[in-house]
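There are 2 protein chains.
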Amino acid sequence: MPLSEIKQILDFIVEIEKLKDVYRKTRPVGLDRYENSAEHSWHVCLSALMLKDYANEEIDIDRVIKMLLIHDLGEIDAGDTIIYASETQAIKDEEETGVKRLLDLLPEGKAEQYMALWQEFEAGETPESQYAKAIDRVPPLLHNLHGNGHSWSKHNISKEQVFSVNKRIAKGSEKLWEVLELELENAVEKGVLN
Amino acid sequence: MPLSEIKQILDFIVEIEKLKDVYRKTRPVGLDRYENSAEHSWHVCLSALMLKDYANEEIDIDRVIKMLLIHDLGEIDAGDTIIYASETQAIKDEEETGVKRLLDLLPEGKAEQYMALWQEFEAGETPESQYAKAIDRVPPLLHNLHGNGHSWSKHNISKEQVFSVNKRIAKGSEKLWEVLELELENAVEKGVLN
Numbered sequence: 001m002p003l004s005e006i007k008q009i010l011d012f013i014v015e016i017e018k019l020k021d022v023y024r025k026t027r028p029v030g031l032d033r034y035e036n037s038a039e040h041s042w043h044v045c046l047s048a049l050m051l052k053d054y055a056n057e058e059i060d061i062d063r064v065i066k067m068l069l070i071h072d073l074g075e076i077d078a079g080d081t082i083i084y085a086s087e088t089q090a091i092k093d094e095e096e097t098g099v100k101r102l103l104d105l106l107p108e109g110k111a112e113q114y115m116a117l118w119q120e121f122e123a124g125e126t127p128e129s130q131y132a133k134a135i136d137r138v139p140p141l142l143h144n145l146h147g148n149g150h151s152w153s154k155h156n157i158s159k160e161q162v163f164s165v166n167k168r169i170a171k172g173s174e175k176l177w178e179v180l181e182l183e184l185e186n187a188v189e190k191g192v193l194n
Numbered sequence: 001m002p003l004s005e006i007k008q009i010l011d012f013i014v015e016i017e018k019l020k021d022v023y024r025k026t027r028p029v030g031l032d033r034y035e036n037s038a039e040h041s042w043h044v045c046l047s048a049l050m051l052k053d054y055a056n057e058e059i060d061i062d063r064v065i066k067m068l069l070i071h072d073l074g075e076i077d078a079g080d081t082i083i084y085a086s087e088t089q090a091i092k093d094e095e096e097t098g099v100k101r102l103l104d105l106l107p108e109g110k111a112e113q114y115m116a117l118w119q120e121f122e123a124g125e126t127p128e129s130q131y132a133k134a135i136d137r138v139p140p141l142l143h144n145l146h147g148n149g150h151s152w153s154k155h156n157i158s159k160e161q162v163f164s165v166n167k168r169i170a171k172g173s174e175k176l177w178e179v180l181e182l183e184l185e186n187a188v189e190k191g192v193l194n
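Quick mapping for you: the protein sequence lines, in order, are chains A and B.
Quick note: the first sequence uses the numbering used here, first residue 1, plus one each step.
Quick note: the second sequence uses the numbering used here, first residue 1, plus one each step.
Pulled out of the complex, with its shape left as it was, chain A reads as follows (with noise of 0.2 Å):
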């Protein structure tokens, strides 16, 4: 019955409205507060989009953003965690058991496929979730870059924990960490990362 399935999609899309309150640890440039994990979402597809040249391998530009796009949902029922807090196999267990919860609202047969590609992400074996997870990476290094290291700062982030953690981005895309390292290098000099 399209109707009622039509009906069952509108009320996922009414309750993953929710990560539009799930706070993340940086301030988008020049804003006061702090950001959501739904305007994350939205600026890395974006962002995925744009460097997708720059990809180490050849990559599905388009797994790539649909990855994105569902990647943070398991934070509507487990939270936002800075990447520099271990990521436990027990907040990971959470995240996955609320990704399940949520495409279960789906009509059937919908969400075995997302499910994968969330898992997909989280693995980040493949070039897709290799690059996806590289470019996650990139806005809260610019919010801190571009923001004076306020969540360097205020979450006492070493500059070997920024180094070590985010070189992981090369894996995605080597050319993206070569510049991303040597604005890292300027941030250390200027004492904005310590």
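It is worth saying that the hints were derived from the structure and are not from the lab.
Predicted model only: the values in this text are computed from it and were never measured.
Any given hint could turn out to be false.
Intra- or inter-copy, both count: the list cannot distinguish identical chains.
[Said to hold, decoys possible] In silico lysine-lysine, DSBU-like type, Cα no more than 35 Å apart, as pairs:
#1 K18 x K190
#2 K52 x K100
#3 K159 x K7
#4 K110 x K190
#5 K7 x K167
#6 K154 x K110
#7 K171 x K7
Given the structure of chain A, go ahead and fit chain B onto it with the hints provided.
Below, chain B without anything else, positioned relative to chain A:
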């Protein structure tokens, strides 16, 4: 020079972040604050993906998503206008100039395809743009339907206006409009829409 191109794209990524500070005329379900155009853009992309099987014509969903990722960029310079305000040529021109300014930040040769995609969305003549435009109208309806018609009453929007503007959803998906029309009729019965 890939590295300087990447720097240009990073500047673009920072600049489009301003869309997170463009506020719309409805509040997300359950939230006290108004919605911004960046989180709205994410919401419509994911909504379009989940509802794609109900488009009137066969569509390329990946083109639809790209369209919706960029469809509101013009608001960074022009601001958001409620759909019930006449969509004047002056507003459209201002948005187009704004989109062009942003895309021109990208390395040479990248702007044209996205400008064309934005214009295709605006013109609303292809199956993809008709479907994208239909989906773009869904969240404000859901916000009002689940939020006591807050934006309709605040802006003195009559039920005649709501039906006449939103029946255009049928141009992209007749089935979706069938469901929403019923929901709107229920809202009229309950006195939420007058």
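A quick look at each hint next to the structure:
1. With identical chains, the CA atoms of K18 and K190 are at most 35 Å apart between copies only, with a shortest distance of 26 Å across copies and 38 Å within one.
2. For a Cα distance limit of 35 Å, the shortest separation of K52 from K100 qualifies both inside one copy, at 29 Å, and across copies, at 20 Å.
3. In this assembly of identical chains, the alpha carbons of K159 and K7 lie at most 35 Å apart only when taken from different copies (21 Å versus 49 Å within one copy).
4. Taking the shortest alpha-carbon separations for K110 and K190, only the inter-copy value of 33 Å comes in at or below 35 Å, while the best intra-copy value is 50 Å.
5. In the homo-oligomer, the alpha carbons of K7 and K167 lie at most 35 Å apart only across protomers (17 Å), although the nearest pairing inside one protomer, at 44 Å, exceeds that limit.
6. Taking the shortest Cα distances, K154 and K110 never come within 35 Å of each other, neither inside one copy (41 Å) nor across copies (37 Å).
7. For the identical chains of this complex, K171 and K7 are inter-copy neighbours only, at 19 Å across copies versus 41 Å inside a copy, given an alpha-carbon limit of 35 Å.
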